[in-house]
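Protein chains in written order, with full-length UniProt numbering: chain A, 1 to 277; chain B, 1 to 277; chain C, 1 to 277; chain D, 1 to 277.
Quick caveat, the hints were computed from the structure, so don't treat them as lab data.
What you are looking at is a predicted structure, and each value in this text was computed from that prediction instead of being measured.
Just so you know, not all the hints are guaranteed correct.
No distinction is drawn between identical chains; accordingly, a pair holds when it is met within one copy or between any pair of copies.
Dumping the calculated DMTMM-like pairs for lysine to aspartate or glutamate here, alpha-carbon to alpha-carbon at most 25 Å [stated by the list, open to error]:
#, residue 1, residue 2
1, K15, E50
2, K77, E126
3, K127, E106
4, K81, E27
5, K90, E257
Number of protein chains: 4
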Amino acid sequence: MNSRHILLMDGPDHKGLIFTVTRVLFEHQQNIIRNDEYVSPSGFFFMRTEFEGNIDPDIVLQALQKALPEGLRLRLKSDRKKDIVLMVTKEHYCLAELLARYAFDELGANIKAVIGNYNTLRPFVEKFNIPFYHVSHEGLSRERHEEELLKILLRYQPEFVVLAKYMRILSPEFVANFPEKIINIHHSFLPAFIGANPYKQAYERGVKIIGATAHFVNNNLDEGPIIAQDVKRVSHRQTAADMATLGRDIEKSVLSEALKLVFADRVFIYRNRTVIL
Amino acid sequence: MNSRHILLMDGPDHKGLIFTVTRVLFEHQQNIIRNDEYVSPSGFFFMRTEFEGNIDPDIVLQALQKALPEGLRLRLKSDRKKDIVLMVTKEHYCLAELLARYAFDELGANIKAVIGNYNTLRPFVEKFNIPFYHVSHEGLSRERHEEELLKILLRYQPEFVVLAKYMRILSPEFVANFPEKIINIHHSFLPAFIGANPYKQAYERGVKIIGATAHFVNNNLDEGPIIAQDVKRVSHRQTAADMATLGRDIEKSVLSEALKLVFADRVFIYRNRTVIL
Amino acid sequence: MNSRHILLMDGPDHKGLIFTVTRVLFEHQQNIIRNDEYVSPSGFFFMRTEFEGNIDPDIVLQALQKALPEGLRLRLKSDRKKDIVLMVTKEHYCLAELLARYAFDELGANIKAVIGNYNTLRPFVEKFNIPFYHVSHEGLSRERHEEELLKILLRYQPEFVVLAKYMRILSPEFVANFPEKIINIHHSFLPAFIGANPYKQAYERGVKIIGATAHFVNNNLDEGPIIAQDVKRVSHRQTAADMATLGRDIEKSVLSEALKLVFADRVFIYRNRTVIL
Amino acid sequence: MNSRHILLMDGPDHKGLIFTVTRVLFEHQQNIIRNDEYVSPSGFFFMRTEFEGNIDPDIVLQALQKALPEGLRLRLKSDRKKDIVLMVTKEHYCLAELLARYAFDELGANIKAVIGNYNTLRPFVEKFNIPFYHVSHEGLSRERHEEELLKILLRYQPEFVVLAKYMRILSPEFVANFPEKIINIHHSFLPAFIGANPYKQAYERGVKIIGATAHFVNNNLDEGPIIAQDVKRVSHRQTAADMATLGRDIEKSVLSEALKLVFADRVFIYRNRTVIL
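Please take these sequences and the hints and turn them into a complete structure.
Structure, rendered in structure tokens:
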């Protein structure tokens with residue numbers, strides 16, 4: 001029986017990389033379904049290859065590693081769903097979108113658990129038979145609170161942690177546990193209006209367009225690689241509150257779009273940017 | 001013979017403002033074609049009224065001033081074309097767009113002259129039989145250079161000065177000569193990437209959307225009231241140079257759109273924001 | 001205690017309409033919060049006035065009717081939530097969006113019931129404690145089936161019936177029971193690709209943009225007044241199935257946007273078009 | 001000295017196509033700059049390969065033809081500018097955009113001549129020192145008129161003929177002279193509002209979005225492969241005339257975008273769709 005695999009490859013460019021990969025797959029009777037590659041102006045090579053065939057994928061991977069120059073990173077993914085954990089605070093809209101997609105099997109991921117630093121969203125989450133953990137930050141140091149979070153996360157070993165409006169800053173130490181694995185939705189069209197209350201800032205600046213940004217989380221708040229962005233037009237008629245409402249719609253659709261790309265293994269990270277193949 | 005007028009009114013809100021204006025116009029047999037108003041959350045009132053009738057507009061204006069509470073600003077505009085002067089450096093694309101619209105009588109303004117701090121664009125401007133002034137900044141202090149610019153501008157008494165990619169910073173003293181009359185196109189989706197080389201910054205940050213902003217110029221560079229903005233999607237495939245090319249298309253269309261609004265007397269300025277009626 | 005009201009007025013234009021309305025409201029100590037009006041090129045007048053004050057609204061309405069010329073339609077609305085009923089078939093995405101908004105009190109309407117011609121969506125609806133009625137069309141004539149639907153609808157007396165992917169055509173006789181009250185989401189950027197399987201048609205035509213349309217339902221399928229539309233870019237890489245997935249996201253956000261406008265009493269209908277104030 | 005080439009390849013998919021091409025280029029010391037390929041769901045293969053090296057491109061082409069299975073179409077393009085001829089009627093806006101881009105060497109093409117069935121645009125074209133031919137259709141049969149057009153076109157042997165608002169229908173016989181070489185801008189978001197006066201149709205239908213479509217011309221008017229489309233939002237406030245003005249801005253930017261893709265050899269045609277790599 002044939003099964004489908006995704007090969008992700010990145011590293012310094014060399015002559016003949018596509019040639020070598022396609023040769024090895026050809027020799028192993030694997031059929032390439034889709035192949036996308038990109039070479040950055042600085043000479044860094046990225047390739048995503050979907051292929052299909054009835055062979056042990058590890059054998060293919062070993063053959064590729066042998067045939068390719070050193071210094072390239074190779075990752076072989078099956079096309080099964082990712083295991084994820086969501087983190088939330090009190091706002092429901094991104095969570096509700098993800099749960100509805102999950103309920104109808106459209107998310108491309110299994111939501112193993114939801115962690116909230118408030119208990120507000122428990123009833124909604126439990127409608128969907130997903131465990132909800134309330135880990136209050138009150139009375140705890142950041143360090144102690146993150147230890148509690150970590151304990152739960154490690155139990156589930158998620159492939160991705162999605163901050164679906166988790167409104168607390170995570171320490172670099174915490175983030176370091178999940179490199180390139182935490183995804184956040186930022187309530188602004190980055191790099192604009194960094195910090196709190198961006199819709200009030202947008203209103204006061206009189207912008208004619210507002211937006212949202214989904215990005216990986218690294219050590220610098222809001223400065224990780226951008227995965228997806230979108231915008232909507234506004235006018236002077238929108239109050240700061242109207243902009244916040246509209247902004248929420250953008251946030252939830254941008255987060256959805258970003259997760260679709262990530263869960264399909266289409267996103268590479270390079271020098272704090274994403275390459276999406 | 002009937003002629004068309006535009007009444008612009010702004011000031012602190014009072015009960016009955018629309019009532020008073022419509023009553024006075026009604027009593028003077030003026031026919032309201034279109035009326036738009038807006039009250040800001042802070043209680044500031046804006047109204048733009050297009051009306052038509054065969055009466056001396058000054059009589060209407062006086063009657064309105066008499067009937068309305070103090071502290072309101074009233075401006076009465078005819079619907080004739082505005083006189084404008086363009087300022088440029090070396091980049092042609094916004095200039096070419098405005099000249100083409102002007103050549104076919106679609107700009108809503110008369111371009112009285114173009115001033116460049118380089119001579120590069122003279123041949124193109126002269127194709128359209130518009131005077132071009134080369135006022136080089138080389139060897140001149142900013143003060144002296146701006147004096148030269150001012151001399152030309154004062155000769156033309158433009159109602160608006162359009163910076164169609166004029167790449168030098170204007171001093172607050174210069175700007176003070178043309179309050180709410182200088183319009184700039186900014187090569188970025190403000191408030192992002194302030195400063196030089198925004199497309200390189202956008203590339204390095206890996207944004208998925210780039211944009212441009214047309215705004216009035218006040219004393220703080222790039223911080224005047226925003227008139228229009230637009231954006232386009234980009235991906236990792238676009239180099240910084242590609243983004244610059246695409247950005248130019250956005251800049252020229254955003255500047256065009258902003259000028260259309262300004263020349264139709266649809267733009268009010270309030271607390272560093274625009275209200276567009 | 002002050003309460004807020006919305007006056008909707010439409011009819012042939014006359015001199016002094018705004019004047020008369022604002023005078024009457026002024027005389028009754030009602031405070032205008034927001035006033036928007038529009039006169040069509042053919043001379044039809046529309047006005048939406050939000051006002052606030054502590055008086056019996058019927059007294060204001062009578063005073064207005066007395067003061068205004070005949071032939072104008074006046075409607076006075078409170079700002080309470082509308083009662084609505086949803087109709088569905090098997091597709092969940094629009095339904096899930098509306099239920100999530102309702103669950104968090106953001107819909108501007110009370111969902112009194114959901115009617116499905118299949119039973120598929122019952123479990124999801126019941127998570128939200130809303131009655132679900134399964135009215136199968138199987139073995140019934142269209143007439144008989146619509147009688148069953150009507151029985152339920154008349155019990156709830158909904159102010160609007162929302163077809164959230166209800167995939168059966170309604171007869172003109174049925175529609176006539178709910179004039180200007182049935183809202184549909186159409187899986188296409190109207191007027192394109194009328195009929196079944198629009199995403200397959202879009203794929204085969206090779207369009208670069210797909211869209212969706214929310215509209216009122218009148219006797220001609222898909223030809224009622226358009227309330228909202230939106231689009232997204234596609235490329236040759238999207239299959240017909242990909243376009244359908246993307247199209248669903250557009251459909252749900254367009255339907256949401258349209259309902260927001262309708263439930264806020266901002267939509268007038270005139271000559272098969274909408275005027276949105 | 002290295003020079004850059006573009007290989008376009010399309011045909012039925014076979015195992016190993018990418019492998020074979022990259023091997024041949026590798027063996028001939030050609031360096032792949034960018035490679036994009038696509039396989040349609042129906043199993044048709046498309047590849048565009050930009051490469052660089054100091055060898056006779058014909059030798060590479062022959063080697064590729066020898067190594068590849070039969071039935072594939074191979075085209076080798078240099079990256080020089082295309083020779084084109086524009087055809088116009090009376091409307092200037094698309095023409096003005098293309099001439100401005102050409103004047104500043106940004107079009108990616110040489111405009112060898114402009115042909116008008118009216119003489120209206122001659123003065124504007126001649127500002128740019130481009131020959132203008134007035135070929136009036138008055139008093140001529142379609143056949144005779146097209147013979148006159150053909151005479152001029154054959155003299156210039158253009159690689160592409162751009163209909164920049166040429167408002168007459170071309171016969172299938174005429175079109176057959178330039179297969180996949182005539183590009184038109186359609187004043188509508190196809191497939192909507194086919195026929196005359198689309199903005200009046202759009203106004204009357206009350207659409208909330210209008211658009212334009214650039215496409216290749218085949219025998220069926222407005223039904224050739226779509227290259228690019230774009231849209232803008234409108235409201236009830238726009239008259240049919242306003243929509244026409246806005247529509248022109250969309251038309252000119254969509255035509256520009258389409259030509260950029262075509263002149264860069266990025267557009268394949270397959271089953272009346274385009275594949276853009």
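Hint by hint, here is what the structure shows:
| no. | hint | verdict |
| --- | --- | --- |
| 1 | K15 / E50 | both (21 Å within a copy, 14 Å between copies) |
| 2 | K77 / E126 | neither (31 Å within a copy, 38 Å between copies) |
| 3 | K127 / E106 | both (18 Å within a copy, 19 Å between copies) |
| 4 | K81 / E27 | neither (29 Å within a copy, 41 Å between copies) |
| 5 | K90 / E257 | both (22 Å within a copy, 24 Å between copies) |
When held up to the earlier numbered hints, the structure conflicts with 2 and 4 and fits the remainder.
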